[in-house]
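*Asks:* Now for the letters of each chain:
Number of protein chains: 4
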Amino acid sequence: MEEVFDKLHEECGVFGIYRKNGKTGVIPDAYHAMYALQHRGQESCGIAVNTDGVLHCHKDVGLLTDVFTKEVLEKLPEGRMAVAHCLYGTKATKNRDNAQPMLVNYRKGALALCNNGVLTNAHQLREELADGGAIFHTTSDAELIAFLIAQERLKADSIEQAVATAMERMYGAYSLVMMSPTKLIAARDPNGFRPLCMGERDGDIIFASESCALDAIGASFVRDIRPGEVVVVSEDGVTTLECSRKAQSALCVFEFIYFARPDSIIEGSSVHMARRRAGAFLALEHPVQADVVIGVPDSGLDAAMGYAQQSGIPYGIGFIKNKYIGRTFIQPTQTERANSVRIKLNAVRSTVEGKRVVLVDDSIVRGTTSAHIVSLLREAGAKEVHMRMSSPPFRHMCYFGTDIGSVDNLIAAKHSVEEICRIIGADSLGFLNVDYLPMLADQSHCGFCSGCFTGNYPVEPPCECHQPRCERPLSQSKE
Amino acid sequence: MEEVFDKLHEECGVFGIYRKNGKTGVIPDAYHAMYALQHRGQESCGIAVNTDGVLHCHKDVGLLTDVFTKEVLEKLPEGRMAVAHCLYGTKATKNRDNAQPMLVNYRKGALALCNNGVLTNAHQLREELADGGAIFHTTSDAELIAFLIAQERLKADSIEQAVATAMERMYGAYSLVMMSPTKLIAARDPNGFRPLCMGERDGDIIFASESCALDAIGASFVRDIRPGEVVVVSEDGVTTLECSRKAQSALCVFEFIYFARPDSIIEGSSVHMARRRAGAFLALEHPVQADVVIGVPDSGLDAAMGYAQQSGIPYGIGFIKNKYIGRTFIQPTQTERANSVRIKLNAVRSTVEGKRVVLVDDSIVRGTTSAHIVSLLREAGAKEVHMRMSSPPFRHMCYFGTDIGSVDNLIAAKHSVEEICRIIGADSLGFLNVDYLPMLADQSHCGFCSGCFTGNYPVEPPCECHQPRCERPLSQSKE
Amino acid sequence: MEEVFDKLHEECGVFGIYRKNGKTGVIPDAYHAMYALQHRGQESCGIAVNTDGVLHCHKDVGLLTDVFTKEVLEKLPEGRMAVAHCLYGTKATKNRDNAQPMLVNYRKGALALCNNGVLTNAHQLREELADGGAIFHTTSDAELIAFLIAQERLKADSIEQAVATAMERMYGAYSLVMMSPTKLIAARDPNGFRPLCMGERDGDIIFASESCALDAIGASFVRDIRPGEVVVVSEDGVTTLECSRKAQSALCVFEFIYFARPDSIIEGSSVHMARRRAGAFLALEHPVQADVVIGVPDSGLDAAMGYAQQSGIPYGIGFIKNKYIGRTFIQPTQTERANSVRIKLNAVRSTVEGKRVVLVDDSIVRGTTSAHIVSLLREAGAKEVHMRMSSPPFRHMCYFGTDIGSVDNLIAAKHSVEEICRIIGADSLGFLNVDYLPMLADQSHCGFCSGCFTGNYPVEPPCECHQPRCERPLSQSKE
Amino acid sequence: MEEVFDKLHEECGVFGIYRKNGKTGVIPDAYHAMYALQHRGQESCGIAVNTDGVLHCHKDVGLLTDVFTKEVLEKLPEGRMAVAHCLYGTKATKNRDNAQPMLVNYRKGALALCNNGVLTNAHQLREELADGGAIFHTTSDAELIAFLIAQERLKADSIEQAVATAMERMYGAYSLVMMSPTKLIAARDPNGFRPLCMGERDGDIIFASESCALDAIGASFVRDIRPGEVVVVSEDGVTTLECSRKAQSALCVFEFIYFARPDSIIEGSSVHMARRRAGAFLALEHPVQADVVIGVPDSGLDAAMGYAQQSGIPYGIGFIKNKYIGRTFIQPTQTERANSVRIKLNAVRSTVEGKRVVLVDDSIVRGTTSAHIVSLLREAGAKEVHMRMSSPPFRHMCYFGTDIGSVDNLIAAKHSVEEICRIIGADSLGFLNVDYLPMLADQSHCGFCSGCFTGNYPVEPPCECHQPRCERPLSQSKE
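Residue numbers (the working numbering), protein chains in the order written: chain H, 1147 to 1625; chain A, 1147 to 1625; chain X, 1147 to 1625; chain D, 1147 to 1625.
Take every hint as true, because none was put in to throw you off.
No copy labels: a pair is met if it fits in one copy or bridges any two.
In silico DMTMM-like links for lysine to aspartate or glutamate, alpha-carbon gap of 25 Å or less:
no., residue 1, residue 2
1, K1166, E1525
2, K1467, E1413
3, K1216, D1198
4, K1169, E1220
5, K1216, D1206
6, K1467, E1346
7, K1560, E1606
8, K1467, D1444
9, K1469, E1525
10, K1166, D1198
11, K1166, E1346
12, K1560, D1573
Hints listed in this document are in silico derivations from the structure and should not be mistaken for laboratory results.
The following block holds chain H by itself, in its conformation from the complex (with noise of 0.2 Å):
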């Protein structure tokens, strides 16, 4: 289901372009690529462009659609080369100053930088800089990025070279795209937490978190970035260095479950298939008696598609979801008879009635979402409701770029799956196995992270006391 319920939150998307032999047209380009990833983040977007070495930048709060007003499109410069950014954002970073591209300024001239990520050592570089002098403007980590580069630059021989050498001080989750005057600059972490790939254009190169934004402007995929590599793009064309540390592979998991787009492949598998591929792994490991089978729209549709082909039983259309939802909905404040999912989704009524239905949906996370779909099936004549989620239970904290805000949150962190069944009245209740992760991205050979199902990370957590993102406002009381 969609960002508007009880969800699960991706960080951002990223997306860089830089055209070949000078051409221009970059504007265009950003704007569909980003429509394409709005998914991954829709509380700020931005764009900058490269006109003749001079970047400029738009970017604040909202979606693309809001924030790009043909106004503003008439008003941006036209270049060879662009970044784009889209964020969700935690509470703390809900505001225009943390809203990307990072526009800066530094010894070498001016840095654009988009990340999608969360560094887990960001508290100590913050203490570290600002032990030099350093000023914030901003709580976001890509501002610490930006920091480090031009503090590298200061010695590097080049801005590849800066941002390679950065990368050693940096620990945890990010994608980097960045532009300079002269170079697009893509970065991925060396656990590539994050997917970014590298996709081609009639010579024009472009790099993109998700292949679904190369097929929104015509360009075909070329490969995904490799953990810990630094890929440039310059007029000497695409070269490539390494980070020189070295870390195993763990890619989230929960990008093939629910973050990224059905039509996108990442690390060579498709994510429709790999949806279909756990909804089969569920009808395997939780078979029921049922008439029916259909899934939460729109995130449980494919997982319910392969329950149901698994099974045998027939595939059916037991929501239809109001497609004029967006974030403007108010609701006007006498609404006991009409709860917020009711207005979102509606039951099928000859789906259901008198059938014993098999629900599928990607993930739970407070669980009250599911009480109320459960709860609207019933009143719609369904006889049981069984209940599969295309996931293992989310127990643990993510702290690589999935807001869960507090464990507290996470029904499945303080109550067994019988309890869960209970809680959201279903008849019976069954969860992925963690065991068939690695099998749904069949055709990918990278390594997974699945520390939020089960408390191991493939990188040291921060401490405690040092939560991974400062969340405090622009401010404390040392003075």
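Please build the complex by placing chains A, X and D on the supplied structure of chain H, with the hints as guidance.
*Replies:* Chains A, X and D alone, transformed into the frame defined by chain H:
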């Protein structure tokens, strides 16, 4: 597919509520219900509320969530009755003045009126009224209807009698919900072209274009308003009277094929099931050897599922629709590389690559969108594309509320099926046979209008020179 | 002082232009002219343009610069004729529906109508029309007038004849500018309550409420429209006819005292000079020993200068008005320390400290603002404050367009001059004697209405039970 | 005259408040005070508030009333301290990033900083900081100053000591108001180029650019901040320290001539009286036989009054300024008939017709506006027009905060007085002699900068190649 594509357009959605025993709190109900009916009209919307006999109205151009902001909702007074409206609007009606409810004052006080439909004798009525010294502020049929009611009310014993008498002078399609200081009234034209149903919740009476609006506010379906019927709700309860003119039952069959929401029940039949049946009939009539059946999101999905089930060919997800599609999307100028269909839809390569694909959509208007969609499938590797339409070829003007502009816009009015197949680039093309139409809504006892397919209309269409709507701006050269 | 204070309110400004020989380009003229007339109404505004016989109108609530944004101006078609309007609006009329020009269609085509004034028999006219089956969309007199013209036009030979006949049925104040597909028409009530003049520029004919609008577009003043006159401009040139009903000339004297712009010439007299004369008369009638004469910005300045000149006491700048005063100023809650007058005005200490001050303002309504201003002077060190008003005490209702809400709002209706002096905290207080009023506009040959000072009205006021404007919302409990 | 004409531009207004005993309620004070200082900067504005040691800031491009809407004001938390800023902004600074207060975090917590002025060594400071690995988010001096303070704070015992030490490294004009979690600090450059004063209200301490802001919130003037002084307000009361670098006193004389509000008192002298004295000196030096003295609204009025009084020629109102002039006024394309000056000003014919007119303005920049104004007077019938300027000819660059773009914009840098007289079409032209400048502010003991008239600057101007402000976008071609 959606209204952002090359699609047919419904005219309007209407709603009314009368709360029992003077209870107030009708604004949230109207807001939620219109949100559920938003698919019936996106041009403008409005809500009128009755506060102790005084009528207040807010309406404007835009979607419900644009027009009814938090600030507007807070300023609207509450009341025990409300009527509400959303309008698609043709080019001529696309302005604030034509937004409804139409709130007027006349001899007997105020009247707030909402209409879904088109009068075929609007031109004659306008001439008659003008000859009597009338002035018109709008080009809307609702204003004509209000004038007729005001005139009849001078002679009639009650507002409902005035409505019934006025109906004798009105030809064409109209589903009305209106509100006087003390009464809520619903009326439907003698042919019953457009749907209108009644619901109930704890004694409150509700009227709505579709039953999905009842679900949205926790009300239960009572019955459809009968063609020619006038239903009145007041302190004395619910009473009914009939227009003296009788006509053949002729519900617009496109309500089942495309306009209505799949979770609505119209004249006793599930819209979702009617679409699956359409798909099944298509499979019987136009079978093909293929590997996968996919639908064009969203309105082709139900029929695709019916086709798959009947044919035994697996159902698949062929396209991902960008869920941030909205009215504010800007098409930057440099768009040759990224056509507008590609931005809204992306093919799922893993579903269609190397496959023979059956592609199901609900209807074809100009054909340009279909051509784009077929080519997206071919780019994604589909070996064959067999297009199936869950309605007959649309060849004739509609005079009862479906806006097609001109017959010249209809590809099927100018080309044979074979020609269309070639134009859109499909390997084969099949339309639903018109004989199947009465069988789609298998639980319904009403008749259907299929004039747009056959050219046979249940009511005399207006003569050529007097088009059903006055599309002219508010002027003419007489003076 | 300004409309943001406790001041009287004018009802409207009207404008019309007919360009010679089919030249277009009337939108900039209408825009500039209305900008010059903005002081006559800040509630809503609108422009209607005649493009080859087709009338287009844009109007909305707000100032000209709010309503006519760049985007709106670019979308408006051009034409050879335009009419325009700005409206102050009472509480009852403060909504978008009452904005003018009122654009309607009737038997003979379109009509766009602008009015400045108030009909005293509006209630009776509304009843008559309703008895004939009329419906009303607004509570505006302009709608009544349009109805009357539409009815008379059925019998009359021309639109101008219909206007002249309709005028026989209308009582009270009205200055009309209206446009048919081929003609521009101006008309003024038989008493001539509100100003209306004609100008000329290279053969183009212009009508405007005040001559300052002519200056704004480079036109020269031709003459005032006579009371009871109807002036028609068409391809055949300018013609004139007279309403058959005659009445005594009764221009509102407040136009000279406060409403009109000082740079306007009305009925041959300079408004600026009239105000200086008022100040001079005040000095003769209410002399005082003092050190400096200051005016309340902006409308008291001219009279203060006249007082200074006549008395020989030096004129000084006593207050600085904040020039960013606008309608959007937010008064945060915690305002006890900074009252709203202080925010708009600040005393110039160097002018008033230790001085005996003569403070001149144009009129006093509630008295609260005067009290604040006197206290600002005392805080700034003024030794004595002698208040002088350049109009007589405002004691009676105005039925002809000056909105005071209720006589209860008038301090002079309830208190003697001595009491008022004490309430506002002045050392002395003097009002202009009513006998001087006819002498202010020394070049004018018209009569004046001074009903608000004397209670003697040139036209029968409406009876108590039928207030001149229907202030009720669009409803009543009859039905 | 106003900022909408061809006028000089001040850079900024600053404000700060520290309430006694932990009382809150500083937002309305900041809002009202900035409203009074709006004339010092219309490009952007902001308020930062200190809520129990946590700093919150809202700022944006636009006027105060645009940026601080009701909704924004309601969301801002309250506190016991606030700082606020308005900025005129040159072309380079006209963006949201350069808006102030500048809120940053550093080793010792948060700092919110507001500056009025321009550093002459900004370029060198920027180079130094960049060499140390700094990154810059803006092109604003305020960011440089924040960096210097953050660096000095690492060594200093207190924030105020850090400010005083940082000031030794800063050359040029700056009036600073800043806030740490516990202190409010004001500082003024050693030359005292820009005004900055302290006020008091029931124990609350206030800093503001001009005393009119104190009046707006009911505070009383205490004293001016001394050049080179740092004033600190904390729980321990008000303390003061001095920057060790000394320099000659050099207040910008244009503060008296044009920038400041007439109701302000700067360095002990009334701005209003200084302008009257300028007019009186003009009358002595450039007498003429004439019938009336008029001023160009608003800034020429005081000097005109002084000229009239000294010369004995009657003072008159020569122009009416449209009081709805705002930033959103659209100039429709077809403007040849209505030039932009005519729209803002209209001559009062009764004042000038047939007269010999002395026209007083404060200064002349390009000369185009003056030419228009002279021609408006001639159109209105003036027989002679004698222009008098209450300042000497503006011939040289200002490096301390008055934005003139380029010396090429200055008519007086390229033409003699006789030539200018001919260009603007006046009958005679006289400027104030530079020798009179020190006598305008007769109560002040400070020195004055008159570099823009004489070319002699109290501080070494930046060399040609290093302009005082980095006007380049955030990029350069080094990388």
